[in-house]
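J.: Read off the chains here:
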Amino acid sequence: MATMRKIELYLYNVGNDCMRLIDKIKGVFRKKAVEKDKLFQYEEFKERYVSKSLKENRDYLQQVFTHTKDIIIRNITIRATKQNLMIVFVDGMVDRNVVNEHLIKPILIDMAPENYGRRLSFEEIRDSFISAAEIKEAETFDELVLQLLSGDTLLFLEGQNRGLIIGSKGWESRGISEPTTEANVQGPKDCFVETLQNNITSIRRRIRDPNLAIEMLKVGRRSKTDVAVVYLKGVIMDGLAQSVIEKIKKVDVDSLLDSSQLEYLIEERKWTIFPQSVNTERPDKACAAIFEGRIAILVDGSPFAVLVPSTFSMYLDASDDYYTRPLVASLVRFTRYFCYFLSASLPGLYVAITNFHPGMLPPRLALAITTTRVALPFPTFVEVFIMESVIEIMQEAGLRLPQAIGQTVSIVGGIVIGQAAVQAGLVSPIVTIIVALTAIASFTLPNYNANLTTRTLRIPFIIAGSTFGFFGIVMLALAILSHMSAIETFGVGYFEDFSPYRLRDLKDTMVKVPASLMKDRPELLKPQDTVRQVNNKSSGENQDEK
Amino acid sequence: MKNKFELSSIDMATFLIMSIFGVRILTLPRILAARMDLGSWVSVLMAGFITLILSFMMYWFGIKYPGKNGSEIVLITFGKYIGTLGIFAISIHILGAAGMGLRLFGDTLKLYLLPETPFYAIVIIMIGVSFYAFDNGLKSISTLINILLPVLVLLISILLLLPITKIDKTNLINPFGLGVMPIIKGTIPALDAFYGFTILTYIMPYFKEPQSVKKWIVVGVGIPIIVYAAIVFLCVLVFGDDEMAWLLYPTITLIKSIQVEVQLFERVESLLITMWIIIVFMLLVLSFYSSYLNTRALFKTKAGTLKDRFSRYVQIIVLAAFAFLPKDVIEQQIYREYIQILGRVLILGFIPAIVMITLLKERKKKGEK
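Chains A and B are the protein sequences, given in the same order.
By the count of our numbering, the first sequence reaches residue 679 at its end, each step adding exactly one.
By the count of our numbering, the second sequence reaches residue 397 at its end, each step adding exactly one.
Quick caveat, the hints were computed from the structure, so don't treat them as lab data.
Being a predicted model, the structure only gives us computed values, none of them experimental.
This list has only true hints and no planted wrong ones.
Partner residues aside, some chain B positions facing chain A, computed with beta carbon under 8 Å:
1. 36
2. 39
3. 167
4. 172
5. 298
6. 302
Stretches of chain A that chain B covers, calculated by requiring three or more beta carbons in the stretch to come under 8 Å of a beta carbon on chain B:
7. 488 to 496
8. 600 to 606
9. 610 to 617
Covered by chain A, per the in silico footprint, the following chain B stretches (three or more residues, Cβ under 8 Å):
10. 134 to 146
11. 149 to 157
12. 174 to 186
13. 304 to 318
We put the beta carbon where it would ideally sit given N, CA and C, even for glycine.
Work the whole structure out from these sequences, hints included.
T.: What follows is the structure, encoded as C-alpha cells:
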C-alpha cells in the first residue's frame, strides 16, 4: 500500500513538474498581454472574479502588486490530500501568530489521519481546519484586495473560484496613554489611540447598552479609511444619525488621514473661524456626549473622536467639571467663560481705553500708564501688535520644538524678551502684562480649537479698538455674536443651549448644577428618551419654561 | 433635517422686552418732566397698561388669522387700497423711528464718547452689523436676543442701582402737586416709549404654541414698564424736574454723574455705552425685520428670489436716508415729532380698527348663516 502511495506521489510530482515546464515554455512564447506599470482601480477589481486556477490568481495578484515587496504569497501543498493552497498577506499588517498557529499549522500539521487520500472540499477546509475566529468568503477581487490591504489574510484553493478572507489584523500600535491635549486632574486618564478597533473598544467598555449602534463606513477613494459612527439608538434625535451618515457617504475625497479632515468636510459652514464639532481624545467625554444624544465619529488612524452636533458650551466644558463638586465646577466654568472673553478682547480693550477713553480709568492708574509710556517710540496700537506677534511666534515655536527645547524657548521668550523689551524702552510693562495675561487666559480653554479661535479674534478686536474705541469693540462683539447665532450644525444652533431659555439646557452651561438635579437629557438635542435618572418626578412637566 | 423654525413661548417675552427698550430710555424723563411733576412715573404705568391692552388686541387678531403677520392682516382687513396705504405708513413709521434712533445714537456717541469720529462712520458700522444680524434670519435674531437680554438687564439694573446714593430727598416734596390732569396728558408721550411692542404681531406666526404666549406677553411688557418707571422716578429724585427739563439726555447725565467708590473704574460709562449700543442695535435689527416683512406682504415676494434680496437692501437705504435727513438737532426734533404723531395714529387707530373690523366681519358671517 505504502509503495502504491509513493508511486502515486511520485507520478503526481512528475506531473506537476511537467505542467510547470509546459507553462514555462508557454510563457516564453506568450505575448506580454498586460503592460508592466498598469494602474489598478477598485472598480476594475469588481469585475475580476477569482479564477479556479491557483496560478492565474497568483499571477494576477503579483501583477497588481508589482512594486510591493511586503506582500507575501505562500504556496502550500497538503501532502495528505495533494491539494494546493495559496496564502497571501501583507507583512507587518498581520498578526503572525494567527497566520502561523491558526492557519498554516492546522492545515499542514494537524491533519487527521482519516483525511489521507481524499480531496478536501472548500467548505471542509473553511469549517474544520482553519482555527482563526473571523472568516469570510469572497468571489471578486475588490473585497479581497481591500481586506488584504487592511491586514487580513487571503486563502485560495486550487480548483475553487472563491477566496477566503481570514481575519488576522494585528500591527504594532501605540499603547493607551494619558491624554496630551486634554489633561485632567480627576477622572479617567486613558485616551484614544490611532487604531479604530481599540477606540471602539474604549467606548464599548463604557456603554454596555445593546442599543449602542456602531455603523462602519469607508471614506477615501484611495485610502479606504474606516470610519465608525457611534450613537445610542433610542436616545438620539430622530433622523440625526441618518443625516450624519448620509453626509459622510457623500464625502468623496482621495484620502482621509485624520478625523478633523472629515469634520471639515461634513460641516455646514465652511467660512467661519468657529469650530463646529468638538474634537476629543477622551473616551469618557465621547461617551458622555453619546449618552446625551450626540454622535461620535471615529476615524481609523486618528486618536481624536469628532462629536456632533456641537454647541458653544461644549467647547468650554472640561471633563474635570463633572468629577468635581458642582459649586466649585461652576466657579471654574465661569472663570473659563470669562477667560474666553478676555483672551479674545483684552488687548483690544486696552488699546480702546488708553487711546479713546482714558477718563474711564481711575486717575492714578491713568497716570501710571502714562508714566510708563512717556519715552516710548510707538503708539499703543503698534506696541500691542508687536507683543502679540511675539507671543504668537513663541507659541508656535514652543509647539513645534521638542519638549526639552520648548521649555527653553518659553523661558528665553517669556522672561528674557519680555524683560529686555521693557528695559530697552520698546514696549511698556503694562502691555507686557496685558499680552501675557491674554495668552494665559487662552490656555485655560479646554478645547484647542476654541483657543485658536480666540487667538484669531484678538487681531480684529485690536483693530476695532484702535479705530473706534469702545464702540468698535462692542460692535465687533455684536457682529461676532450675530455670526455665531447663525451657525448651525445638523439642525442644532450654536447657542441652542442658551436660547431659547430652557432650564434643562441651562443646567450644564455657564454653571453646572449638581448631578442629582440633571434628571433629563438636554432638550436641545431632542432625545427620544429624555429621562436620565429613574427617580424622576418632573420628567413630564417642566418642558421648556424657565 | 431642515425643519421650519419655530419660536418657543418664552421668546415672546424676550422679543418684547428687547423691542420695547428703545432710544427713549435716554429721553423719556425729560419729555415727561417738561409737563408734570413727580407723578410722571404714574403716567408711565398708565401708558404701560394701555400697551398691555393693545398687545392683547394684537395677540387676539394674531390668533384669529393664524400664520399671518401684522402687515398681511392689515391688507386683509382694510382691503387692497387702504391696506397698501396703511403698510406704507407703517413702514415709514418703523424705518423713520429707527432712522431717528440711529441719528440720536450717532449724535450722543459723538457728543459723549467719540468726538473726532465722523458721524457717517458710526452710522455705517451700526447699519452694517445690524443688517448682517437681520440677514441671518429669525432664528439667529431670536438667539441673539436671548444672549443679549441677560447682559442688558444686568447693565440696566447696575446703572439704576448706582445713582440711588445721589437721591435728593427734597425732590420728594410735593407729589401730585399739579393735579391729575398732567398725569393723564403725560400718558400719550409716555406711550411713545412702548411702540416696540408691535414686534409681537410680526413674530406671532412663528410660535410653536401661539395660545400659550399670553403670560409671556405680560412679562414682556411688564419688565419694561418697571424699568421705565424706575428710570423716570430716579431722574426726578436725583435732579428734580426743574433741572431735568433742561437736560437733553437726563439718563446719560444721571449715569455720568456716578463716580464709583471702588477705584476700579472711574466712571461707569463703559457699561452705559454697552447698554446704549445693544439697545440701538436691537432696535435696528428688529426694525429691519418688521419692515422687511411689510415689504414682503406688500409685494408678495418669495424668500430667496432676487426681488426678495433687493427688498432687504432697500431697507438700508431708506433707514440711512432717515438718519441723514435732519440737518441739526432741532430739525431732528421736528422730524421726530412728525414720526411720533404718525406712530400715535397708527398704534391707537389701526389696532383697535382691525379688531373692530374683524368683529364686524364675524358678525356679518354669523348673520349670513
